[in-house]
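Build out the structure end to end from the sequences listed, making use of the hints.
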Amino acid sequence: MFNLSVIFDIGVVALRMLMPVYAVVIVYQCYAAMRRRRRTEKPLVTLFNIKTGEKIPIIFWENSIGRGRGSDIVVSDPTVSRNHCVLLRRKEGWFISDSYSSGGTFVNGEETIGRKRVLIDDIIQVGSTEFQFRRGEEFNERLTADRFFSKVSTKPAIKSWKLMLLITIFHFFMCVEAMFWNGGTAVYAPVVVFGALTVVEWLFFFVSSFILRRVNFELEALALFLTGIGVMLLVRQELRSAYVQLIAAVAGMIVFCIIIKLIEDPDKVNKLRLPAMIVAVCLLLLSIVFGKITNGASNWIYIGSISIQPSELVKILYIFIGASALDVLQTNKNLIELIIFSAVCVGLLALMGDFGTALIFFLTFLLVAFMRSGDFKTIILAVSAAIFGVTIVLKFKAYVAERFSGWRHIWEHTQDNLGYQQVRVLTYIASGGLFGVGIGNGFLKQVAASESDLVFGLVAEEMGVIVAITLALAVSLLVVYARAITTRSRSTFYSITACCAAGLFVIQLSLNVFGATDILPLTGVTFPFISCGGSSIMSCWGLLAFIKAADERTYAVKR
Amino acid sequence: MKKMLRRSTMIFVLTIAFIGGMGYLTFELVTQADDWVDQAYNAHISGEGGLEQAGKIYDRNKTVLAQTLDGVRVYNDDASIRKALLHVVGDNSLNISTAAQSMYRSQLTGYSLIWGLNMPESLKFKNDLTLTIDAETCKAAYDVLAGYDKKGACVVLNYQTGEVICSVSTFAYDPNSPPEITEENEKEYDGVYLDNVLSSTYTPGSIFKIITSAAAIENIPDLENRSWYCSGREEIGGNEVTCVEAHGNVDFKGAFAHSCNIVFAELAVELGADKMTDTANKIGINEAFNIDGINTAKGHYDVSNASTNQLAWSGVGQYNNEVNPMQMAIICGAIARGGSSIKPTMISDGTDELLKAIGFDTSKPDREMFNSSTASKLDEIMRYTITNYYGDNLYGGLSVCAKTGTAEVGENKEPNGWIVGYSKDSDCPLAFACVVEDSGFGSVYAAPVAEAAMIQAAKSLGASAVN
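Protein chains in written order, with the numbering used here: chain A, 1 to 559; chain B, 1 to 467.
By construction, these hints were calculated from the structure, which means they are not laboratory data. Certain hints may be false.
Simulated DEER-style distance windows between Cβ atoms [as the list claims (entries may be wrong)]:
1) E188(B) with A186(A): 23 to 33 Å
2) M10(B) with T331(A): 22 to 32 Å
3) N286(B) with E412(A): 24 to 34 Å
In silico DSBU-like pairs for lysine-lysine, Cα to Cα no more than 30 Å straight-line [to be verified]:
4) K2(B) with K116(A)
5) K2(B) with K268(A)
6) K55(A) with K413(B)
7) K116(A) with K162(A)
8) K424(B) with K268(A)
9) K413(B) with K150(B)
10) K3(B) with K271(A)
11) K91(A) with K3(B)
12) K62(B) with K187(B)
13) K271(A) with K2(B)
14) K62(B) with K42(A)
15) K282(B) with K459(B)
16) K3(B) with K55(A)
17) K424(B) with K62(B)
18) K413(B) with K424(B)
19) K91(A) with K2(B)
20) K150(B) with K51(A)
21) K445(A) with K116(A)
22) K51(A) with K298(B)
23) K261(A) with K2(B)
24) K298(B) with K116(A)
25) K261(A) with K3(B)
Think of the CB as a built atom: it goes at the ideal place given N, C-alpha and C, for glycine as much as any other residue.
This is how it looks when you write it as structure tokens:
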């Protein structure tokens with residue numbers, strides 16, 4: 001006794017139930033593919049200890065040599081300094097660079113000044129220890145791989161185009177749901193947006209595979225998956241924003257490609273640091289001078305009808321400025337330059353009243369500082385400085401203190417700004433259930449900032465809490481990937497930028513999700529890739545470039 | 001590079017912290033989702049679209065009280081039943097916050113964490129709810145009460161099982177066509193969104209003599225042997241206490257039956273503020289009673305700042321005393337049960353999921369309100385009041401014990417007429433409380449409401465006395 005409408009309803013619900021499973025499959029496939037197609041664990045070169053006859057495999061692109069236990073090549077020789085020198089590989093070949101060691105570093109008996117090229121069979125002398133520089137094949141024991149890459153099944157990874165197809169179909173399902181939005185008008189609007197999205201995605205894929213000739217595409221695929229979800233969610237909220245978001249995403253992809261190109265040579269990057277600092281400070285100053293005050297923060301610049309949030313773009317520059325190659329790190333240990341620059345940035349952000357971004361900057365500073373030096377004393381200093389700053393902020397900025405006063409008491413503030421957004425996020429997350437009420441059927445979209453600050457709630461309400469959690473995990477797992485490729489990067493510059501970029505994603509994600517759900521007392525931070533916001537999506541793609549660049553396969557051209 | 005890997009562990013810790021946070025959020029979601037959903041602003045269930053998705057509400061005989069037909073929420077066919085049960089069932093406006101449709105809205109609409117809300121109409125799992133209420137009894141009580149065109153309340157409950165059989169509150173309106181309340185008709189609908197049975201308190205007047213009696217029985221050993229002379233008025237604590245008439249020589253039983261103010265005023269003063277307060281607190285006058293998660297309005301007995309004369313008046317249920325109708329029915333039920341009260345409920349049955357979501361509690365812990373000897377003495381004098389004063393034929397053969405009250409409220413208003421009591425019949429164990437505001441003698445106004453409700457309730461229960 002089923003009539004047509006019941007069958008139709010069953011179809012709609014079945015689709016909603018399919019989506020979470022499908023999302024899990026896509027995210028799994030992206031990460032599974034990232035684990036595969038790596039070069040085998042073989043030493044690049046071998047150091048032969050002439051005295052002991054020991055063969056030391058060199059597996060990294062940059063290797064520290066020293067007495068310290070943290071060194072990549074530990075030389076137990078009292079005449080060797082703790083951080084003696086760095087052996088590094090560049091396009092031109094292998095170099096050695098002394099790190100102001102007390103005894104100096106010698107190649108074929110000649111003391112090195114700055115970087116010195118080493119050739120096969122050269123003799124490297126550190127302290128009283130002598131190594132002969134030999135080919136990688138000299139070392140014939142097996143090396144164990146990182147856990148992320150070990151035990152990978154021999155089955156080949158899903159082909160990139162198949163992964164892309166899966167993602168496109170997922171977006172298509174979202175489009176179908178949006179078309180049948182309850183009482184929806186303009187049935188074709190979702191189709192048009194979906195069409196444009198598909199063209200952008202596949203165009204990017206073709207550019208990457210055939211013009212740039214990149215071997216792998218999983219990282220970009222994951223980002224496209226998230227970006228597309230953000231765009232499709234906007235269709236039933238504000239159509240114009242969907243197009244703006246898509247255009248900004250294209251700009252982001254261009255930024256992505258440019259950054260990868262720009263940082264191709266980790267040595268040239270050093271020369272770009274000062275200009276980058278100037279640009280960063282200028283951008284921040286620009287938004288103080290020309291910025292319009294929105295929600296108590298003057299972080300927006302309006303150029304005609306386009307609004308930009310410069311602080312989003314400064315994040316990219318910030319990480320870029322913070323990172324360096326290993327030999328530079330070892331010779332230039334002090335962080336003062338970075339601390340001053342950070343203080344200026346945070347100060348300018350505080351002047352703007354954008355405490356959310358200031359906080360993100362501060363946390364990023366901690367990440368960069370730690371990755372660079374690993375020095376807890378520096379960090380303790382920075383933390384105490386920040387606590388001091390925060391105290392002042394709480395004292396002078398009443399509304400920040402107010403945010404805290406509503407925290408964990410939102411149910412007493414369902415109708416005022418201390419809890420209005422958060423209680424609605426929770427109510428609508430719960431209303432969505434596991435599978436959501438369907439694209440466009442939600443009511444959270446009527447709440448201000450639901451497409452940006454509260455987007456986690458929007459996804460949970462319309463697509464179900466499983467999808468929302470899956471997407472959050474997809475972003476947070478970038479850290480696992482970034483960490484796994486750390487030792488395979490072509491320079492510590494990439495290791496630092498990748499880990500910091502991934503860490504920044506997790507910080508933003510945490511502040512977004514937990515701020516909107518009253519676990520943390522802060523809102524106004526975007527969900528990476530999904531939140532509506534042109535500057536935000538561009539900065540996400542920009543940050544992603546760092547993770548992409550850290551994978552040594554990125555610059556290895558397809559043969 | 002090894003150092004980088006080691007340092008990057010700190011960033012890895014961030015991810016672990018994030019996953020931990022997500023776990024905490026999920027935990028909160030699983031444990032609190034019902035509360036989160038059940039919010040007035042939740043557009044999935046409120047507004048005009050809300051109750052269309054709710055299941056049916058039945059009375060104890062499976063009479064449909066509310067249901068959705070063709071996407072419209074409709075109520076019982078009988079207009080009297082609709083109005084009588086307005087405050088129990090509720091209406092589409094959700095203005096009556098203690099009504100079943102407001103209290104259990106998200107459960108009736110079939111909310112579950114798995115499916116959320118807003119499933120397509122054809123696939124929705126609806127939850128039905130069966131109340132312990134008897135629609136016909138409510139109708140009988142309502143018809144009498146509405147005939148006065150006064151505000152009032154009538155509650156009847158089974159003191160053995162706790163089931164509430166009848167709960168009627170006036171003023172009321174027809175939930176099928178809710179009125180728009182304007183300045184012109186606001187008098188007619190004064191307090192209409194409040195369920196007087198659960199959420200109002202009234203000056204008790206003479207029904208409070210039950211509590212004063214309990215204090216006297218427990219604290220004055222020679223009470224039975226005493227006698228008093230009532231001349232209709234007497235000066236206590238520098239001011240007069242008056243009676244409706246001069247009762248002459250009375251003993252304790254006679255004083256209770258004739259509701260002699262002089263005797264109970266003197267008893268209250270003799271007992272003193274402490275003993276009166278102790279007894280009132282033991283009975284729970286100053287407490288709220290929980291009925292399926294709804295708290296009744298708290299009564300009030302506080303003589304800490306009272307003068308002797310005020311203490312005297314508090315003994316006859318005046319001064320600043322207040323009681324709630326549901327509370328009085330529970331107290332009468334406790335007397336009938338030999339001293340311990342039962343926790344009332346209005347929910348008879350529902351889908352397991354719904355009962356679980358409501359947190360339906362089948363355990364009904366007793367609470368001792370009276371010593372068993374006190375209860376049996378109260379039973380004796382309340383029974384004597386009916387047999388020797390009002391006549392035993394009024395309740396269709398039920399053995400009723402009761403006390404009326406006529407509470408002066410001042411402000412140029414007529415008194416609140418009260419009657420509270422219970423039937424002793426083992427196949428009809430019912431306690432009741434009725435109040436009619438701004439009316440007159442309890443025996444004239446409240447008693448007929450109780451009578452109609454009790455007789456109909458006895459019929460519905462199939463009691464032998466009325467058949």
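Here is what the structure says about each hint:
no. : hint                             : in the structure
1   : E188(B) with A186(A): 23 to 33 Å : violated, 48 Å
2   : M10(B) with T331(A): 22 to 32 Å  : holds, 24 Å
3   : N286(B) with E412(A): 24 to 34 Å : holds, 27 Å
4   : K2(B) with K116(A)               : holds, 23 Å
5   : K2(B) with K268(A)               : holds, 24 Å
6   : K55(A) with K413(B)              : violated, 107 Å
7   : K116(A) with K162(A)             : violated, 47 Å
8   : K424(B) with K268(A)             : violated, 99 Å
9   : K413(B) with K150(B)             : holds, 12 Å
10  : K3(B) with K271(A)               : holds, 25 Å
11  : K91(A) with K3(B)                : holds, 23 Å
12  : K62(B) with K187(B)              : violated, 35 Å
13  : K271(A) with K2(B)               : holds, 26 Å
14  : K62(B) with K42(A)               : violated, 79 Å
15  : K282(B) with K459(B)             : violated, 34 Å
16  : K3(B) with K55(A)                : holds, 22 Å
17  : K424(B) with K62(B)              : holds, 27 Å
18  : K413(B) with K424(B)             : violated, 35 Å
19  : K91(A) with K2(B)                : holds, 22 Å
20  : K150(B) with K51(A)              : violated, 111 Å
21  : K445(A) with K116(A)             : violated, 61 Å
22  : K51(A) with K298(B)              : violated, 93 Å
23  : K261(A) with K2(B)               : holds, 26 Å
24  : K298(B) with K116(A)             : violated, 89 Å
25  : K261(A) with K3(B)               : holds, 27 Å
In terms of the numbered hints stated before, the structure departs from hints 1, 6, 7, 8, 12, 14, 15, 18, 20, 21, 22, 24, listed from lowest to highest.
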